[in-house]
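Visitor: Residue numbers (the UniProt record's numbering), protein chains in the order written: chain F, 1 to 249; chain H, 1 to 221.
By construction, these hints were calculated from the structure, which means they are not laboratory data. Here the structure is a predicted model, which is why all the values come from computation and not from measurement. Errors might be hidden in some of the hints.
Which bits of chain F does chain H cover? Going by a derived footprint, with three or more residues having C-beta under 8 Å, they are [said to hold, decoys possible]:
| no. | stretch |
| --- | --- |
| 1 | 67-74 |
| 2 | 80-94 |
| 3 | 168-180 |
| 4 | 190-197 |
Don't be surprised by glycine CBs; every beta carbon is placed ideally from N, CA and C.
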Amino acid sequence: MIFADAFAWLFDPVNWSGAKGIPLRTGVHLLYCLGAVLGASAIAVPLGLFVGHTGRGGTFLVGGSNALRALPTLGLVTFLYLIAGGGTGPVLIALVVLAIPPILAGTYAGIQDVDRGVVDAAKGMGMTGGQVLWQVELPNALPLLIGGLRNATLQVVATASVAAYVGIETLGRPLLDGLRVLDYGQFVGGAVLIALLAVVLDLVLAGAQKAIVPRGLRLVGQPTGPKKGKRSQKLVALAAQPDSGGSTA
Amino acid sequence: MGDLVKYLGDAGTRGLILDMLLEHIYLSLLPLVISVVLAVALGWVCHRFGWFRGALLGAANIVYTVPSLALFAIIPAVIGTQVLDINNVVIALTVYTTALLTRPVSDALDAVPVQITAAATAMGFRPLRRFLTVELPLAVPVLFAGLRVGSVSNISLVSVGALIGTGGLGVLFTDGFRSRYLAPIIVGIVLTLLLALVVDGLLVALRQWLTPWNHIRGVKS
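Sequences and hints are given; from them, build the entire structure.
Guide: So this is what it looks like as structure tokens:
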């Protein structure tokens, strides 16, 4: 039974210490993910806010980010790695590139989906463009924006395991090693660890989403039943929907 | 560039690449077709039986969190296929695409105006025929929006399968990496992008054909 072998591997103390231990690999995995999501946010959030607020370049943005989604993870990682001749930089760049589309889409869609009436009211009250963006559009866009961040995180967690192929000591390592030496316990054990990490990170971000999203929006977002609150429900659904192509690369 | 020309100049290589491309199409599009059927059925169940909805959509969200490399590995352990079986990839991608499509389908079915279903019922449509000829066609735009995301995502995910032995064009990446040779990697990336673009175009055309009422001049739905 493969699962029994996997548990044996998972609970073997030997696998929990040293440079090839699970804790260190999990740490490396998380560091890459954190770096990539932060890097991608630094690029994608301002861009999404700008395009969403001004309405300029929306078509180009959507087309471009869809094209980025079609980029095969493994191809991008190996390509950048060979071009740079090794190191951690290329993997990080590949991860940033892959995290940009979901964050960009979430930010842009969030701003776009803000009720025009609300924006008009803000303008009518004499708010400047900047005030409308920071005090009205951004808070209203938060559910979708964080939804984008969650998608990006999932995608990066998944891709960081693929990065083990080019020699990075992430959680993908036991999986690939297990396959090479036909140690299925290690193979499936590694897979279980990656899946667990992804689920836990998503839960953490879901908690953060609950904490950060303004209370007024949360009230609107409460679905009262399958038929009621259609619009807000749709928003929540959109944000929660795993819309990022290759999100689980 | 010279490398690329030399690489593609060999007829044997071109044949191999064509085989990989065909495998890639099979591995990415078969799950798409299967999951349309599954998602329509499950979406209907969610729409019809509200209590089922939360459980199913929650499960779908969790499934979507599991990275593909992990899922490719776990599936043989769960259903007992061989580790290098090509079906593992098909099943994994089917699971993802179904998880992706079920929610929008069920939402779209929920959004069909009651007057329309009532009118169909009054015209004597039985539930099955009403579902197939009235409610489902109205859900087509949403279904296709999901399908377009699913196809792009499947096409890019198949390559990851190369790490566990079945990857279509992904094999070009592992080959290129192992021999420190960029040409196959570039060919693989370009072909993957082209495939995604072509399939997306076909899906848009199919949607137009299936929903003629959406683009009659002057009528906006």
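Visitor: All hints, please: hold or fail.
Guide: Hint-by-hint comparison with the structure:
| no. | hint | in the structure |
| --- | --- | --- |
| 1 | 67-74 | holds (count 7) |
| 2 | 80-94 | holds (count 3) |
| 3 | 168-180 | holds (count 4) |
| 4 | 190-197 | holds (count 5) |
Every hint, counting from the list given before, is met by this structure.
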